Amino acid sequence: MDEMKLPSPAKAPETPKRSTGEWVKKNLFSNVPNTVLTIVFGFLALYSIKGLLGFILSGERRWAAVATNMRLLMAQGYPANQFIRVWFTLGCLMVLTGVSLAIWRSNGVLKTKRVGTWVLNLGVGAAIFASLAPISANARGGWLIATVALLFLGCLLKIGSDKSMLPIDVPTIWFSFGCLAVLVFSLWTVPYGHYAFTDGELIAESGRTVAMSTKLPFTVMLLLLVGAFLLAGVARDLVQIPKAKIVLSVLWLLSPFVLNWIVLRDPDFDYGRVFSTDIPIGLLFIGFGFLILYPLTNPSIGEKGRLVAIALLMFAAFNWIAAFFGIYPMLQKVRISFLLLALAALLAPNFAADNRTRLRFVSFWAGFIIVLHWLITAINSPSTLDLQGPTYLGGFSLTLFVAVLTLLLSFPLGVLLALGRTSSMPIARVLCTVYIESVRGVPLITILFFFSNILPLFLPAGMEIAELAAIVTGYTLFSAAYLAENVRGGLQSVMRGQYEAADAIGLTTSQRTGFIVIPQALRVSIPPLVGQAIGVFKETSLVAIVGAFDILRIAAYVVPAQTDFLGVKREGLLLISAIYFLVAFSMSKYSQKLEERVGLGER
Amino acid sequence: MSSEIETMSSEMKQETRPDMIVCENVDKWFGDFQALKGVTATIAEQEVVVVLGPSGSGKSTWIRCINRLEAHQRGTIVVDGVELTNDLRNIEKIRSEVGMVFQQFNLFPHLTVLDNVTLAPKWVRKMPKADAETKAQELLEMVGIPEQASKFPGQLSGGQQQRVAIARALAMEPKIMLFDEPTSALDPEMIKEVLDVMKDLALGGMTMMVVTHEMGFAREVADRIIFMESGEIVEVGTPEHFFTDPNEDRTKLFLSQIL
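Protein sequences, first through last, are from chains A and B.
Residue numbering for the first sequence follows the numbering used here, starting at 1 and increasing by one per position.
Residue numbering for the second sequence follows the numbering used here, starting at 1001 and increasing by one per position.
Keep in mind that the hints were calculated from the coordinates and are not lab data.
For clarity, every value in this text was computed on a predicted model and none was experimentally measured.
Take the hints with a grain of salt, since some may be wrong.
Covered stretches of chain B (chain A as the covering partner; in silico rule of three or more C-beta atoms under 8 Å from a C-beta of chain A) [what the hints assert, rightly or not]:
no. : region
1   : 1093–1105
2   : 1121–1131
3   : 1168–1182
Every residue gets a Cβ at the ideal spot worked out from N, C-alpha and C, and that includes glycine.
Bound conformation, chain A alone (with noise of 0.2 Å):
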């Protein structure tokens, strides 16, 4: 110690690396307690993880149910022949993807050292996979082959990365790019098999790798991303980021609408009428918005425009409860224009700004309207598809969907519910709190049963509902209710030194809320909020209940019911928790990666 050099005063001392076994000691060893929960707990993980192994390997498994369902899984009702549009819907949200990736430039870097960690991590799952799983002798060989070589390339990377003799840092972006490579490679090389159910007959193929119908598409959705990702790059210099950011965030808002009711569905345009009726109709409402909206925003009418606003939102009102009743008819989408168009006068003052802003605004409402009624329109098409069941949607997509846009409409709702409950106004905090309440207290089931069954049954005659829209209107009021209280939360954290400078400042109590208070909430309740959204995805399965076909239940009850697999049920149901598994640990990843840029926890 005393021939310890003291450190030159320009850098500190570097701290003295520890080995592997140096860290095992201290971290699992150190005392008697930390020894015996690390053998306990050693011997139930490697308890657990043998018997998975076995259960997964057994010769008794027939995976085949699963993988000859797949495409049941993925897209249960789907007709066979158009399944162009489930490709097609892919490859748009791949280019999406990969143009997304290019705009919001992430400089993540992996270091050598990271990958090395994850190989060496890798070769002791090899290891635990050659002693553990009930494989035959010359496999279980192969697989300690597998180990030695994967932890030898791991000490490797670590050391060489220390020694800064393999400087080669990846970029994450391309890492994951390479591991898409990897997999999409093994399609066409490893021999998976070739399942599949072609006209109602079983094939079975275990030699052989799977079959074009699969290989060739995901290598199409690859080439998408990469093909996406690198022109956006290249073209990233050329356009102003900020407007790229948004109109890229608009075509994601967008896209499981268009997507869903334009591209899957297929409406059959009655063209005759969309040229008779429709168009007049958007070019009207685009109109009010000149006549109406524009001279709202003049600063100088204030606040007074809100008057004309809570009268317009009056006729809307009286339209609704007058087509409820049939005292007069008014087209579903005229009367979802009238409210949408009160809702946005009402907004029109927070607008009043310089003409620039006045006709952005404006624009903006065009723009909103013209896709709205092509989307309604749409939707009241009949579909082109020939269709076996109810709906077009079933399995993974449908649990997709109705996530999705669950997640979608609830925070919005959510969030103005919060504010709600926390206003100064009585009737608002009332009815908000009054709302919050009950539907707390009542179960998904419950809610989910009430709109897809006895909804209908209030409803005027030749008002109907379609059964997934009742399915995400009732899970959307379900779920805004509990983000609701999470956002009431984050509103509780922010300081009344925030309210008092903004005050101070001459801010209004709308634009206080918006620019300051709201972004502080949602920025401490980030992890609830998170939660929130991996519980929505996974409750999609109750909507079975309804009669809706997800993937949980295609797994557990129509899989087994078909007379080449009957009860072959934990195979489909051990592939449905690795799909849960996954997405909801990406979700939590997600948002470990966005606490960290919002900078929770750093103040």
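Once you've looked at the hints, dock chain B against the given chain A.
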């Protein structure tokens, strides 16, 4: 030389100027506890008034009543001719003319420094973005930190944050600036930089009402000193009079404790 300028400026200030803040018999209760008892004072334009007193004397309460962060129950407060009542329009009018600087800075942590300063001009005065940003840069230069414009408040020191807070308040071009113990949360090294900014403001002719414990600042810059204790005004006087020969015994007791 500088003392001559100071005597000249204080003489100039003693010419008749309109009253900016007029408080008459202001009473305020927090539940059963009376925080302000019959506070009566007048602050003229371009006057710098420093409010001194022990903690709990009602100084902060009084200054917060002036821009309605607290509501007084009895008495009248008239700011630049507008009476402070429950009428929202009056409150908004008064708040647009009165800028406030807080002890805890209260900067918006999720916005950059530039955004903090330009937020109100853009959305309350409807100033176009470019103009607001130019003005904000000028103000940041005036308080001495033009290079920090794109940083977040969490990345600045306390003194820098308080100066940003002053710039943010000045961005709305107020006629009156209220300071509620602006340097009490700062390290000693940073107090000077904030006080220098406040001194420049005072010399530039701003009407200021400052609650502080900085006696040096009070002596140098104040036109009048108001001493409060237990919610009532005990003594009012010029700095020379106040620090060298106060009238009241309570004032003498306070001064003996702090000087």
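Apply the coverage criterion to the region 1121–1131 of chain B and chain A: a residue qualifies when its Cβ sits closer than 8 Å to a Cβ of the chain, and three qualifying residues are needed.
Coverage by chain A holds for the region 1121–1131 of chain B (4 residues, Cβ < 8 Å).
Count the residues of the region 1093–1105 of chain B with a beta-carbon closer than 8 Å to any beta-carbon of chain A: does the count reach three?
holds (count 7)
Coverage claim, chain A over the region 1168–1182 of chain B, checked by counting residues with Cβ within 8 Å (three needed):
Three-residue rule met by the region 1168–1182 of chain B, so holds; n is 4.
When the structure is compared with the earlier hints, no violation turns up for any of them.
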